[in-house]
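Based on these hints, arrange chain B on the given structure of chain A.
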Amino acid sequence: MIRFDNVSKTYPKQNRPALRDVSLEIERGEFVFLVGSSGSGKSTFLRLLLREERASHGAVHVLGKDLAKLSNWKVPQMRRQVGTVFQDFRLLPNKTVGQNVAFALEVIGKPRGQIRKTVPEVLELVGLGGKEDRMPGELSGGEQQRVAIARAFVNRPMLLIADEPTGNLDPQTSVGIMKLLDRINRTGTTVVMATHDQQIVDQMRKRVMELEKGRLVRDQSRGVYGYQH
Amino acid sequence: MRAQFVLSEIGVGLRRNLTMTFAVIVSVALSLGLFGASLLMRDQVSTMKGYWYDKVNVSIFFCNKNDADTGANCAKGAATQQQKNDILAELHNLKIVQSVQHETSDQAYKHYKEQFGDTPVAGLVTPDQLPESFRVKLKDPTKYEVIKSAFSERPGVQEVQDQRDTVEPLFNLLNGMNWAAIGVMALMLIVALLLIVNTVRVSAFSRRRETGIMRLVGASSFYIQMPFILEAAIAGLLGAAFACVLIVGGKAILINNWLADKIQVINFIGWDSVAQVLPLVLLIGLLMPALAAFFALRKYLKV
Chain A
33 MIRFDNVSKT YPKQNRPALR DVSLEIERGE FVFLVGSSGS GKSTFLRLLL
83 REERASHGAV HVLGKDLAKL SNWKVPQMRR QVGTVFQDFR LLPNKTVGQN
133 VAFALEVIGK PRGQIRKTVP EVLELVGLGG KEDRMPGELS GGEQQRVAIA
183 RAFVNRPMLL IADEPTGNLD PQTSVGIMKL LDRINRTGTT VVMATHDQQI
233 VDQMRKRVME LEKGRLVRDQ SRGVYGYQH
Chain B
138 MRAQFVLSEI GVGLRRNLTM TFAVIVSVAL SLGLFGASLL MRDQVSTMKG
188 YWYDKVNVSI FFCNKNDADT GANCAKGAAT QQQKNDILAE LHNLKIVQSV
238 QHETSDQAYK HYKEQFGDTP VAGLVTPDQL PESFRVKLKD PTKYEVIKSA
288 FSERPGVQEV QDQRDTVEPL FNLLNGMNWA AIGVMALMLI VALLLIVNTV
338 RVSAFSRRRE TGIMRLVGAS SFYIQMPFIL EAAIAGLLGA AFACVLIVGG
388 KAILINNWLA DKIQVINFIG WDSVAQVLPL VLLIGLLMPA LAAFFALRKY
438 LKV
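Chains as they are written, first to last, in the working numbering: chain A, 33 to 261; chain B, 138 to 440.
Bound-form chain A, shown alone:
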């Protein structure tokens, strides 16, 4: 599913690499937490997965493709198989919940009939059945994140990338979001989640990878957060 072979990334005009010599493998259907302090390279790791950045050294394989050899015009096709969720939800404030989810399908040219059928289904799945016509501003943070997850999952992606999805939510709401991500993971979708939330990591007991100053310092199955602030 995902394989990093001695991957380093140095941004232009910077001396210190954001990632140094990272090698790892994530199997299909895994649930992986990515932990580490700010600036440890978590975001760079996720950006490399989405091919928003290219590795300076080493090879990144996602969904069986070597991203270094993937030409620019094929990148959108790859991204359609990867769902993304962010801390700040990234919803369109002037579109309804249903339109926000439909947007993801419209812009990749899915037929209208299919959109009309899929959107309510996926909203039902994330626990927002019947809230199709609400505006994002009328929803709570947890509900907004559910809309974002619905949008990320509506294409039934093979891989779901979550960048601190609970960062803006209170602990109780966060648990709900984690249950939802766990359910999505059980359908066979690989989930990679970057987080600072110690409680969640310790509760879920999934594989934990820890980055420190760009190096992979820990890779532990059924691990705990383990890192002190």
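Check each hint, because a few of them may be wrong.
Said to hold, decoys possible - Stretch-level coverage of chain A by chain B, calculated; a stretch enters the list once three of its residues show a Cβ under 8 angstroms from a Cβ in chain B:
1) 131-143
2) 168-178
Stated by the list, open to error - Residues of chain A placed beyond 10 angstroms of chain B at every Cβ, according to the derived structure:
3) Asn47
4) Arg48
5) Asp53
6) Ser55
7) Ser69
8) Gly90
9) Lys97
10) Asp98
11) Gln113
12) Gly159
13) Asn187
14) Gly220
15) His228
16) Gly258
Said to hold, decoys possible - DSS-like, lysine-lysine: derived pairs with alpha carbons at most 30 angstroms apart:
17) B:Lys192 / B:Lys274
18) B:Lys436 / A:Lys97
19) A:Lys106 / B:Lys436
20) A:Lys127 / B:Lys192
21) B:Lys247 / B:Lys202
22) A:Lys142 / B:Lys436
23) A:Lys45 / B:Lys436
24) B:Lys186 / B:Lys436
Just so you know, the hints here were simulated from the structure itself, not pulled from any lab data. Beta carbons: idealized from backbone N, C-alpha and C, even for Gly.
Using the frame of chain A, we list chain B on its own:
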């Protein structure tokens, strides 16, 4: 589905940047209006040249008996019949000559009377004061020098005059005005292009949320850029349409209603010339902004 989605995106974009869109439309309209006008001006000048060069001819004036003391050419008195016959024969032998018309002093007097009949000077002129002349029509009016060098030094010839000399300054003036128009047009076009590039950037920036999401969910860059490019193209096309209105209005009001009445001796361009210019104006109005937008976006919306 796709078309409807793209159209609604364009509508949102154009409305969001209403002032900038308006500026683009106006500057495109003015620059393309000037562009069309300068094309028509060139047409007009060449029409006029054709018309006038057809009418003008080279005149060979002969000395008459009163000219003996007016110039060195005529020191020997009036031209003899022999001299005139020689010149006429030579003219007929020249390949560049189309036709020769003989104007006697009496005929010259008659033309003079027709032109200046009512003025006080007319009464003072008598037929024998006016020179006899050959009016030579050339196949190619620009070959005037040949006639001049061949006949101006001949005995009995007072002067060889090219009537083009009288109309040439007018054409030079018109050409000069045309170049000025082209210069202004080029400046306006640059302004319009910069405005378009800027407008597209602002538009892309104000919708970076949407485009960011589009990239993440795997929309192709064509799909992401299309609304912006079409937006610019539509604004440009509107501007071009305005330019067409300006050109047609200018032709109808300035030429048909006003100048054509005032100046009857000029043959003005017809609607066929205008019809040739309009599609060009529309095409440029459509393509130029689209290309400008495309290049502006290449830097802005990378995958």
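Q: Identify every previously stated hint that the structure contradicts and give their numbers, smallest first.
A: Violated hints (numbers, rising): 2, 11, 13, 20, 24; every other hint is consistent with the structure.
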